[in-house]
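Chains as they are written, first to last, in our numbering: chain A, 1 to 123; chain B, 1 to 695.
Incorrect hints may have been included.
[As the list claims (entries may be wrong)] Pairs of lysine to aspartate or glutamate residues, derived as DMTMM-like cross-links and limited to a Cα-Cα distance of at most 20 Å, are as follows:
1. K556/B to E664/B
2. K425/B to E58/A
3. K487/B to E122/A
4. K307/B to E480/B
5. K402/B to E39/A
6. K484/B to E120/A
7. K82/A to E380/B
8. K494/B to E49/A
9. K487/B to D679/B
10. K82/A to D121/A
11. K425/B to E92/A
12. K14/A to E480/B
13. K26/B to E38/B
14. K110/A to D444/B
15. K85/B to E223/B
16. K47/A to E404/B
17. K14/A to E122/A
18. K484/B to E404/B
19. K425/B to E39/A
20. K85/B to D150/B
21. K484/B to E664/B
22. K14/A to E364/B
23. K425/B to D35/A
24. K484/B to D35/A
25. K484/B to E122/A
26. K47/A to D426/B
27. K30/A to E223/B
28. K110/A to E664/B
29. K203/B to E191/B
[To be verified] Pulled from the structure, derived: some chain B residues nowhere near chain A, Cβ distances all over 12 Å:
30. L35
31. D75
32. A93
33. A103
34. K130
35. Y510
Hints in this document: simulated from the structure, not taken from any laboratory. A virtual CB, placed ideally from N, CA and C, is assigned to each residue, including glycine.
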Amino acid sequence: MRLLTHNMLTSHVKGVTNGYPLKLQAENIKVMSVDFNPEFVARMIPKLEWQALVQAAESIGHLGDLPRELVPEYESNEEFLKMAHHVLMEVEVIEGNLECPETGRKFPIKNGIPNMLLNEDEV
Amino acid sequence: MAAPMDQESCAVKTKLTKSEKKAYKKQNKARQTLLRHEGISTSSEATKHLVVANAGLSNGVHREELWRLFQTLGDLQDIVMVTGKPYAFVSYADQQSAAAAYAAFNGRMLKSPEELQQPNVTFYLNHIEKVPSQRVAGLDLPPGLRLVEDFVSPACAARLMEGLGWSTDNQQQTDAEQALKHRRVKHFGYEFRYDNNNVDKDKPLPGGLPDWCSPVIDKMMSEGHIKHRPDQITVNQYQPGQGIPPHVDTHSAFEDEISSLSLGGQTVMDFKHPSGKRVPVVLPARSLLVMSGEARYLWTHGIIPRKLDPVPVKGQEESITLARREVRTSFTFRKIRHTPCDCKYPCQCDSQLQQTGPSLPRTEGEAGQLEQQHVHQVYEDIASHFSSTRHSPWPRVVDFLKTEPVGALVVDVGCGNGKYLGANKDVYSLGNDRSSGLANICRDRQLEVFVCDAMSVPVRTGAVDAAISIAVIHHFCTQERRLKAVKELARLLKPGGRALIYVWAFEQEYKNVKSNYLKDTKEHQNGDVGDKSSTRPTQEQQGASLPIHVNRTSFKTQDMLVPWHFRDGAKKQQRGSQPGLQVPSNSGREKNPERDTRDCTEETNLDRNSEQNSDKPLEVGNHKKQDSEEENVKSCSGACASDCQQSQDEPVYHRFYHVFKDGELEELCNSVPGVSVVDRYYDKGNWCVVIQKCL
Numbered sequence: 001m002r003l004l005t006h007n008m009l010t011s012h013v014k015g016v017t018n019g020y021p022l023k024l025q026a027e028n029i030k031v032m033s034v035d036f037n038p039e040f041v042a043r044m045i046p047k048l049e050w051q052a053l054v055q056a057a058e059s060i061g062h063l064g065d066l067p068r069e070l071v072p073e074y075e076s077n078e079e080f081l082k083m084a085h086h087v088l089m090e091v092e093v094i095e096g097n098l099e100c101p102e103t104g105r106k107f108p109i110k111n112g113i114p115n116m117l118l119n120e121d122e123v
Numbered sequence: 001m002a003a004p005m006d007q008e009s010c011a012v013k014t015k016l017t018k019s020e021k022k023a024y025k026k027q028n029k030a031r032q033t034l035l036r037h038e039g040i041s042t043s044s045e046a047t048k049h050l051v052v053a054n055a056g057l058s059n060g061v062h063r064e065e066l067w068r069l070f071q072t073l074g075d076l077q078d079i080v081m082v083t084g085k086p087y088a089f090v091s092y093a094d095q096q097s098a099a100a101a102y103a104a105f106n107g108r109m110l111k112s113p114e115e116l117q118q119p120n121v122t123f124y125l126n127h128i129e130k131v132p133s134q135r136v137a138g139l140d141l142p143p144g145l146r147l148v149e150d151f152v153s154p155a156c157a158a159r160l161m162e163g164l165g166w167s168t169d170n171q172q173q174t175d176a177e178q179a180l181k182h183r184r185v186k187h188f189g190y191e192f193r194y195d196n197n198n199v200d201k202d203k204p205l206p207g208g209l210p211d212w213c214s215p216v217i218d219k220m221m222s223e224g225h226i227k228h229r230p231d232q233i234t235v236n237q238y239q240p241g242q243g244i245p246p247h248v249d250t251h252s253a254f255e256d257e258i259s260s261l262s263l264g265g266q267t268v269m270d271f272k273h274p275s276g277k278r279v280p281v282v283l284p285a286r287s288l289l290v291m292s293g294e295a296r297y298l299w300t301h302g303i304i305p306r307k308l309d310p311v312p313v314k315g316q317e318e319s320i321t322l323a324r325r326e327v328r329t330s331f332t333f334r335k336i337r338h339t340p341c342d343c344k345y346p347c348q349c350d351s352q353l354q355q356t357g358p359s360l361p362r363t364e365g366e367a368g369q370l371e372q373q374h375v376h377q378v379y380e381d382i383a384s385h386f387s388s389t390r391h392s393p394w395p396r397v398v399d400f401l402k403t404e405p406v407g408a409l410v411v412d413v414g415c416g417n418g419k420y421l422g423a424n425k426d427v428y429s430l431g432n433d434r435s436s437g438l439a440n441i442c443r444d445r446q447l448e449v450f451v452c453d454a455m456s457v458p459v460r461t462g463a464v465d466a467a468i469s470i471a472v473i474h475h476f477c478t479q480e481r482r483l484k485a486v487k488e489l490a491r492l493l494k495p496g497g498r499a500l501i502y503v504w505a506f507e508q509e510y511k512n513v514k515s516n517y518l519k520d521t522k523e524h525q526n527g528d529v530g531d532k533s534s535t536r537p538t539q540e541q542q543g544a545s546l547p548i549h550v551n552r553t554s555f556k557t558q559d560m561l562v563p564w565h566f567r568d569g570a571k572k573q574q575r576g577s578q579p580g581l582q583v584p585s586n587s588g589r590e591k592n593p594e595r596d597t598r599d600c601t602e603e604t605n606l607d608r609n610s611e612q613n614s615d616k617p618l619e620v621g622n623h624k625k626q627d628s629e630e631e632n633v634k635s636c637s638g639a640c641a642s643d644c645q646q647s648q649d650e651p652v653y654h655r656f657y658h659v660f661k662d663g664e665l666e667e668l669c670n671s672v673p674g675v676s677v678v679d680r681y682y683d684k685g686n687w688c689v690v691i692q693k694c695l
């Protein structure tokens, strides 16, 4: 599960109003190399919740030098885009948990796949 | 008299002769060795079971000899010999027989060659409480399962293959066979009926069992591996990458003992108990596998379609290595059953199970159960087989995906094996599926995926630029659930975002053109299909059983169970991969729905697909926690196309479908606030709709 994916996921346990962002706990992380496409990253950034991204990256120790706030005119700031690219696309959580911030319910991540399936009583 | 006294039991010993004392010492030694090295503890009292030291395979003793010797002393039930061990277990029906055997053989040197070929062998016997279960790589074999290695010699194996007349060398296959790439199947003794997945017990095949099989059968009987002579043989040849999904052989068709001889190559057969426990069993070439009791009636068995098997390293069973598959020919010997089955495992028993099948649900709980049994569990069981038949993305879906700009966020709800997740490399594709098995297959392809139900997708509202849901919503068994799924899609979309939905159409003939699903069958030529009835199809009465659809025919109702026949999907991919190629319809072809057999995009790289499925070695002995508690493998109780060459060994799964009528999907989408239908069309037997989120 990449951090970009994490940024999109939310807790959908019934009745939860504050299900985002999910707390990230990682036991096994993989860092890899992904082709950098500046246009892709620039267009993706507005879709993100930036603070959630920063929080998540930091919680697993992969924030690096990524700024905590979006820098102005980031679209043309290649250095910034590269850092964003790294955090969004190159860091994968292989084993860990996503925790609902409201209920504490844990969704396991195994083999890089979060299992968000709810039980009958949570639906 | 001059024998030295043993301090411990001199009172007893003075009465024994020297040779008796020696024998006693040896027996004691045997007992201690067994305890120390093998963990086998002997019983001081008489029991039905004996362990016989020096009667093992590593002593050069043959099973047949033991059977002959011990049979005379009483009601001999079983002999177990373990490869490489210097002892054998002998079990009688009663204590007296065992005690008689003890008296007859303990400490006595056997005469050679009248009693035993090997000279100078003395058996030392001890009673034991029970025979320890055979273990394989630290796991107990399922009860009733026995593996006999080196059952036939290489020469005997060669004679069998010669008698069969198939070559395993691809070069020698006829052009026709190679073109069709069928897994070879042949039956002897009895004909299979595919409409009830049972044997035509009144019509034995002419010729009976071939002569060249007799020596093998004789050996199975004389060595006591089976008690009843088989009268039916099925031969299957598996190419590397082929397998068979988990199943239980139909109870009512065959008696208890089912034996399988593996020739040519080794494979791993997975046994699974309804509780989820899994035992992988390596079947070496020339070994005989005998399934009886629980192993035959309750545990499912199957072979994963892959080219590499994780196997324990000989001598270091904790270490795993990968063994490459080779062509394997299996000869399965069975005895036809002529009375209804009365086994102790009714949950898997077609004779004992209720005659009525599942029906449309009346409550949410029932709806969930129906989908669990007839959608989710099926996909988990067939994940790898299913994936290998879903390789070519449909062009119009790809077109939709390609209209998204760089950096778009796209969600594929119900992504299956992920075939659309890589279609547009400039967007971020996020897939989800209900099946962990399928999600793992996506993962093997480095695709981003998570597991959830389509009625509740854990993604932020309005976060998504585009979404697709291809061949998913028709698996929901109530209108409410289908609506929920569409509502979720609508919720995910950002204002202006679009979602593409494909569902299977009730009308398989549209504008006078039959869909490919219908085309590939001889049946439709008889005017069987083309059922463009002007009358509305009747909805299933609640409570009445869901009908089982006959594949490749027109739909008679909207709600039904559709059989999935396992066919070597891996091989099937190679057909129809060239643009414009007219693939002739023929019998024995895959009968699975939805698949366009004339896909003209994307070269299909069969090997890459299978390899990807097999690259990830399964951990031997691990229990997959995602497995549901229920095992719902039912034998096919419905009609199959009569030209289906389905072998008895191939199980049938039933998936629930609600097929949509013309306009129904659009109507469903129109009842969702916040979106409007911006496109609708018919594509390859599916109704398709594009909805757009209002600004």
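### Query
Which numbered conditions among the earlier hints are violated in the structure presented, ordered from lowest to highest?
As far as the earlier hints go, 2, 4, 7, 10, 18, 24, 27, 28 are violated by this structure, in ascending order.
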